[in-house]
Amino acid sequence: MVMESFSFMQSISFLLLLFPLLGFLAIGLFQKQLNKKLSGIIASAFVFLNLILTFILFWYVSTTNQSVETNLFDWIKFANISIPFAITVDRLSALMLLVVNGVGFLIHVYSIGYMKGDDGVNRFFSYMNLFIFFMLILVLSSNYLMLFIGWEGVGLCSYLLIGFWYKDHANNNAAKKAFIMNRIGDLGFLIGIFMMFHTFGTLNISEVATKVSLMPSGSTALLVITFGLFAGAIGKSAQIPLFTWLPDAMAGPTPVSALIHAATMVTAGVYLVARSSVLFVLSPVTMNFILIIGIFTALISGLIAIYQNDIKKILAYSTVSQLGFMFMALGLGSFSGAMFHLTTHAFFKALLFLAAGSVIHALNQEQDIRKMGGLRKKIPFTFALFAVGAIAISGIPPFAGFFSKEMILSVAYEHGMGMGIIATFISLLTTVYMFRLLFVAFYKPESDAVKTNHHIHESPKVMLIPMAVLALLSMVAGFVQIPALFSTNVNVFENYLSPIFLTAQQLVPASGQNLTVLTEWLTLLIPLTIIAILVYMSYVRFAKDRLPSELSGIQKVMANKFYVDEIYDFCFVKPTEKLSLFFRETVDQSIINRLINSIGNSTLYVGGRIRLLQTGNVGFYLIIMVFSIIAILFFNLIR
Amino acid sequence: MIIALLLILPLFASIFLFTGKTVQQSKNFALLASLAVFVISLVGGYELIVAPEKALFSNVDLESILGVNLLFKIDAISIIFVILTSLLVPIIIASTDKKEHRTPHFFALIMLMQTALIGVFAASDMILFYIFWELALIPIFFITARWGGENARKISIKFLIYTVVGSFFMLIAILYLYTLTPAPHSFSFDSFYQLKLSYSQQIPLFLAFFLAFAIKIPLFPFHSWQVETYNASPVQGSMLLAGIMLKMGLYGIVRFLLPLCSDVVANGSLIFLPLILFGVIYGAVIAISQPHLKKLIAFASLSHVGIIALGLLSNSRYGIEGGILQMFSHGVNVVGFFLCYYMIVKRTKTDKISELGGIASVAPRFATIFMIIVLANVALPLTNSFVGEFLILLGLFTYNKILAIIAGLTIILVAVYMLKMYQKIMFGEKKASTENFTDLTFSEIMLFVPIIIAIFAVGIYPSFVLQLLQSVVK
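Those sequence lines, one after another, are chains A and B.
Just so it is clear: in the first sequence, position 9 is 9 by this note's numbering, and no numbers are missing.
With positions in the second sequence counted from 1, the corresponding number in this note's numbering is that position plus 639.
Chain B extracted, bound-state conformation (with noise of 0.2 Å):
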């Protein structure tokens, strides 16, 4: 029932906005929808702590028709993307600005976004999965390609075609399981997890699997058309794409490569986590002389979603929930990111850090919001990206004590690119740019409050995830 309210409430929601004409209405439309489906969620949510070990199910037998069966079902570490997307959705909605004059259309995408992000949590059946996953691609293409910035048109066909590419990968491993299963053939999850498959089947599964949501993640080298994607797309698309799609990469290796290639993952760490981790430097490096903040934004995201799948891929139990853990977080705190350059970028309209400055003097509410969030990805302890990154490096140091050192050379780089971009931005004296930089409103202030409610909760309290998790992760 949870399910399919999930899924079908933002799916009609989609269909009414594609129909209406009036921008305002539609978005309170949305909002109210969004905010809906994130209600539903946190009783999902309740129903799975009250009983960890169950999972919510949903099945529509459609066997007969379409030789499929429909089968959803949500357990502890679908929950936390499900409420991660239904958290953030609505914040992404109600950020839009009034003056841009969205279209009903553009709410229609974000919804069915929506829809689309929860399906392929949600699901357990890879047709299904594979679906919602290709799914996903449509509106945030269009979310680019139309209301995006300087070639956004040509910029979204490349991510497009790029991330087809990796599904493609994806599909191949996905027949190739399926020819393995047991006759009758099968494409739910379980019966992929049944299979007993040796190292020789494993190996050409890993690097498809690994292909595509390398590409979906982004992991280095595969990280070109996160930084144009991100840059060209309106505030909203950046956020949708980092705070949540990305999420989906993660999210697919969680649930097929750890458990169904675990001998690889065991025996192969030592070829791919070092090339994760040149990636995380490397993202952490250029951000520190990138001069543009949603191009540092796109830098800094590589850097700290490649720390996440070191440690989902670490071997080790503490690696792999501070890697969900931590997955969540990011989320929460890059769309916070994202709205403090959008704040930014509305009154300014430049996002060159050059340009910028002396902020914090007229704007202190800001200021003080925008410090909160730069803490969050700096790792701050008592914020909650850091509980994630200690259990990460944790579990790297219990596998190989030479890489978890150089990963823990983030925690210092992190603090020195945002430092001198949030002192470039906010300290010393104003500019032209900045000369009537007007505080946050109420309602922008509104934004914000869950994010912050998010960073502080997990900060202080995050076993409350870790123990749902616990049951699940083995």
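Only chain A is shown next, with the shape it has when bound in the complex (with noise of 0.2 Å):
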């Protein structure tokens, strides 16, 4: 366990860690002695200081184009197994460290006004510094194992904190459902993790791309792999068939969905495939599983999405939806514009989040979309970034949506028209629910539970400005990045990754035709008439005060969310219990025991017969036991 002296940088990436831990166990271990007022600014202090430590590597990473790499111990080494306790930042590590970070940063500051008065606040951030801890382990390890740990970690931490409010059995359903649904991914991610080691002898993720890229493309070695880090994927992010667990997770409080289950862990699983990309792209069969678990996860839940009333709900089924959009992309090789994507929709889903929870805290806990209305005006702040949130999330340009979406549908338009239109109307989905979801809240007449409630009120500063920050963030983060049909030099975003990706991409060169200028011009300009089109349809439907009306056959479908936990509680959950019944009283007592007890019974009853035993004398037993030592020593003298 020898550290050596450590250069600047690599003690920074050491303290990265280190902060979030010391806060986590310093509130975590001191929470009935800590004031309740101090114990949200001590973890958003801890956060502040990762985040500077944070830009000074990022300056060093996009400068030099060196990555900073920490050996910390040797956790697991023996024989021929060397697995270290070590950390990496290199430019998409330092990339994830800046939303991770910033995001988190904002976060935490917001829920210092949102946590206000909750008995629980003291352990809400300790938990809240603890996700951090792990989801920094994530991001920095530099092997899969360690990767497993932070993966497995910020599980938890989303565990403990949707089930935040634990007296109600509904939030620990939902905790449980998000902890066994990832573990069955997990066990995914672990078969793929023992297929690398007995294939490559090593879980480094830089000498595993080494010796990867030096293997033909498409053997069964790796498709075991791949399959396994994308089952994984599937469930941290959940897709298809997994993801039924992320619209539940809104029982815990808002911040939380913001942070956890929005823009950081949840996104965990295309850094993943990203940060695998090597892997990937040499397991043609998987990247298409890809391409079509993204796709549909991104179709089905965008739609369910617009039957949902919960304001929460509909985010949550958002974030899947562009989950899945960010899945495509990689389906598609675009990893660039998976992870742009990534990076915007931290932004503006972070900000769709707060402000629900802005919305929700000025309400009285109120999350039904009918219940609202009208709140343009009663909270004018939290609709003007809600409004910017939405706009951005639509793909409306010049906000920061416009920019990542356009980079995903440009790379899905040269890969085929079809691509191109399903990925167009995937996106325009968005645009559906989120407009419907913002006129229904804040246009639409005010409804009788609003015109009743006196105590609605703007939230405080202390709520209103992180999410200014991430309001501004989501106007102008895109700009890193613009689509080459305007400006073919400004691509920050692309030439910051492309040293990760370059691998990869040189492996598998993009086998996409270059489109025609007009084509161009109009993949762009038609979508986003129909989006000026939907808007103002969902105005007209959504803004005047209508009587709902019914819904029709398969609309309930939707709303019902196509009825997925439904069929898995009859697929699996109820088998397992009747299995469970089953074993214990059917096999275990019915059989075994009574077999054992009968087979017992009976050498009691034939040695009762010729008067050697007496039931049940244990003298009998134990002279025995004794005479049988004294058997073996005699048979040792005499042999």
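The hints are simulated quantities; they were obtained by calculation from the structure and are not laboratory data.
Some hints could be false.
Said to hold, decoys possible - Here are the simulated DSS-like cross-link-like pairs (lysine-lysine), alpha carbons at most 30 Å apart as the crow flies:
id : chain 1 : residue 1 : chain 2 : residue 2
1  : A       : K371      : A       : K167
2  : B       : K1059     : B       : K991
3  : B       : K1063     : A       : K313
4  : B       : K934      : A       : K578
5  : A       : K578      : B       : K1059
6  : A       : K377      : A       : K544
7  : B       : K1040     : B       : K985
8  : A       : K167      : B       : K985
9  : B       : K934      : A       : K32
10 : A       : K211      : A       : K313
As the list claims (entries may be wrong) - Ranges between beta-carbon positions, derived for each pair:
id : chain 1 : residue 1 : chain 2 : residue 2 : range
11 : A       : L502      : B       : S837      : 54 to 64 Å
12 : A       : D565      : B       : L671      : 54 to 64 Å
13 : B       : F655      : A       : V573      : 31 to 41 Å
14 : A       : Q506      : B       : L846      : 54 to 64 Å
C-beta: ideal position from N, C-alpha, C; glycine also.
Join these two chains into a complex; the hints should help.
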């Protein structure tokens, strides 16, 4: 456990892990003693320190194109297995550091206001810092098993925070469901790791990448590894078929939904695939599978989102849909496109959740949008910020979502016109559910619940300022990557990440044909026109006071999220419970136990008959034992 | 010297306690003695870490009198279990509640148990091994029969018969081995290891040993004594059984089955690994719907030790080392789990999960500690069981991929039953039985401290143990 002396950058990368851990321990261990007003400030301060360190590291990796490798200690090391506790800061992890610490810091500050007055506020902030700690392990680790520590660690924090208000079993069930569904994916992840170790003899990310780049495309080993890793990603990033935990996870406090279930943890699957880009490009079957899963997830959850009435559920399905969109980009081989959308999405989805939290805060925990309406005038700042988020996520220029979506859409069109149209359709769904939400909650004439509620109030500054920062980012963050149509030399984002994905791109160059300028203009302008029409239609349809129409058959199916939960319950949960009862009552009690007892009893019976044994005479058995020992000794003497 | 102290100290303490009178002093005396044993075992551990290739020896030559050479040897494998025993026994003694008015005999039996257990792990001669193996039965039998719950006598007799039957098979195996050693015959382990057994000789040996150990561990379908005995025994007895005593069977696999029957293990794994694997899934599935906490622990334990057996028999060095590491971790975790059970039952007088609830809101310290123990059982990374189970599954995977994937299902099932149990007991609204639940006292927290330290120490820096083992596991 020798720690060699660290360079400056190495020390900084180590401190990144230390600060949130200290925050967790300090707040967690002194929960009772600590003043409830202080814990939020302490927790935020630690993340703020991390943010400063992140800027330094980001500056370093983006100017020097070097990565910072720090070996902390040997975690598992014996024979020919060596898995150190080691961290790597390169351009990809530096980007994730910015997102995690940046958005994380803002949400910590917001939480000071949001969680004020809650009894468990100290517990809340200790979990939040623990989450940052594990999330940083996840993005910084230089081998897959340590990444798995972070992977399961963030799952634990998610579990603890979804069930934060544990008196209500609905919350606990949601928490448990999240953990178990994630574990199903994690089993896949582990199998991928086993296969990886079996094939390459190492779990070090860069060593694996080097070794795999010499392998032929499409080998079975690679198929198993990539499917395993992607199974993990499906669980963590809530893709089909393991997506139902995320909407339920909204049972947690809203800042948790913003941080864990929108901006950071759920994007870990995208990060994992991007991090393993070399592995994935050499397994075309998996890439196609990712593409299909991404498309279906984005489509189905986008459709479900249109028919939800809970403000947080709409945003949750929206997150699932956007994640599906990112996986679609990955499946098409656009790793930087997926990472770009991951980044901008972190800003505007966090903003949307925080704004939704502000609404919920103002309305005393009301989450049903049908009981809102007219909030535009009651809480104007929240409205403005929410609107920025909605515009950004819908891909309306010049906000950030436009640029990141455009980057993915152009790849899709290069792949083929059909793919492009599917991608456009998916991205248009966003506009439908987002503007429905916006108009129903903020424009529609006030509902009775709002009219009679005289306590509706704008949130305090401590909540509004972090939202304003996120809104600013949602507006301007896109300009680092401008579509080639307007300018061919603003590719800051793609250039920044290009060293990371260089090997993958050299191995499997993009196969798409270039589009003519006219087609490019059309693929840009037609969707924008449709967006404008959709916004107008939504306004007409939802901003006026109209009685909600009856849902038709297919709409009902969508409103009930395609009955996926019910199907899982029927196919997996119920049978397991039945099997458990069958094993317990029938096999264990009636068969095995009875069999053993009857063997025992019959022996005793026979024994009793021939007067050798007396039932239950312990002394006798002990004597037998002693005699058998003496017999051995004797045997030994007379040999 | 160290071995002699490790064996004699608890034995003398036990004899002294048998003559003792007062209750509280006898507990303190036993605690003190067991702590002294713990310190001595750590000294032994230190000596082995300094020179892992060497082993601690103790040799009392009684060749002329009894025809046996009392040979003890503690190597890297032994020391792990000696330390496990001497770590857990003080916790078990200290956990005994004042209100239960245990007589000095209770503590005398625990100390006797410790002598026997250390003897099993330190013996390097089959006679000694067998004597200590059987000796360990006597105190646990009396602890269960005398201080147990409902039907304790009947159940303890069943337990005794069952395990004596198992030992009988081991005795046959030992005598068979003895006849194979070159004249003059010997019972020492080394003389057994030097035998080059043919395949046809290994088969009966394997069957006899396997049956004996399978009953002791226990493996499915020989487990029915386990659930009943855990349930009937006082909690200290359950801890001794689950934490340490069932490691004797696994230790037997490491000591005898692997070196002596290596060919059978290599060839026959596909026959008995699926059976063990079925037991692993079986225990976990039953735990899902188990209404009583103590029985849930028993079935969870059945599942967990099954995984260890899979690792040991996986023909892979990762599996074997992971299995040994996991034996230590499981001992720590299951005792922690039983302690949590005890804290609940002491206060509520019930272990029916459906009658419990809402404890987290009144006892936050207990909630945190219980959560850590649950997570250790769920094998979350950075807790002790993760590394062990990872290596076991990795070993199994290198041997047979399908088996490893099925075994991997337990990481899902364990989350299902553990979190379900924790939720029902700790979360939700308070119930009648938990209305007046008081949080842990200082002395109760102190019981958990060594367990939690062990959970994280092994979870964060397992290389310590793994490197110690690597010279011995080959």
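Taking the hints in turn, this is what the structure says about them:
1. A threshold of 30 Å between alpha carbons decides the hint, and for A/K371 with A/K167 the separation of about 25 Å falls inside it, so the pair holds.
2. A C-alpha spacing of about 14 Å is found between B/K1059 and B/K991, which places the hinted pair at or below 30 Å, so the restraint holds.
3. Under the criterion of a C-alpha separation no larger than 30 Å, the hint pairing B/K1063 with A/K313 is consistent with the structure, at around 26 Å.
4. Distance restraint check for B/K934 and A/K578: the Cα-Cα separation of roughly 18 Å lies within the 30 Å cut-off, and the hinted pair is therefore satisfied.
5. For the hint pairing A/K578 with B/K1059, the CA-to-CA distance comes to about 16 Å; that is within 30 Å, so the pair holds.
6. Of the supplied pair hints, the one linking A/K377 and A/K544 holds, its CA atoms being roughly 15 Å apart against a limit of 30 Å.
7. A threshold of 30 Å between alpha carbons decides the hint, and for B/K1040 with B/K985 the separation of about 45 Å lies outside it, so the pair is violated.
8. The suggested pairing of A/K167 with B/K985 holds, with an alpha-carbon distance near 23 Å, which does not exceed 30 Å.
9. Annotation: proposed proximity of B/K934 to A/K32 is violated, straight-line Cα distance about 34 Å (limit 30 Å).
10. This hinted pair does not check out: A/K211 and A/K313 have alpha carbons roughly 43 Å apart, beyond 30 Å.
11. Separated by about 59 Å at the C-beta atoms, A/L502 and B/S837 satisfy the suggested range of 54 to 64 Å.
12. For A/D565 and B/L671, the hinted distance range of 54 to 64 Å is satisfied, since their beta carbons lie about 57 Å from each other.
13. B/F655 and A/V573 have their C-beta atoms about 56 Å apart, which leaves the hinted 31 to 41 Å range violated.
14. A beta carbon spacing of about 58 Å between A/Q506 and B/L846 agrees with the range 54 to 64 Å that was offered as a hint.
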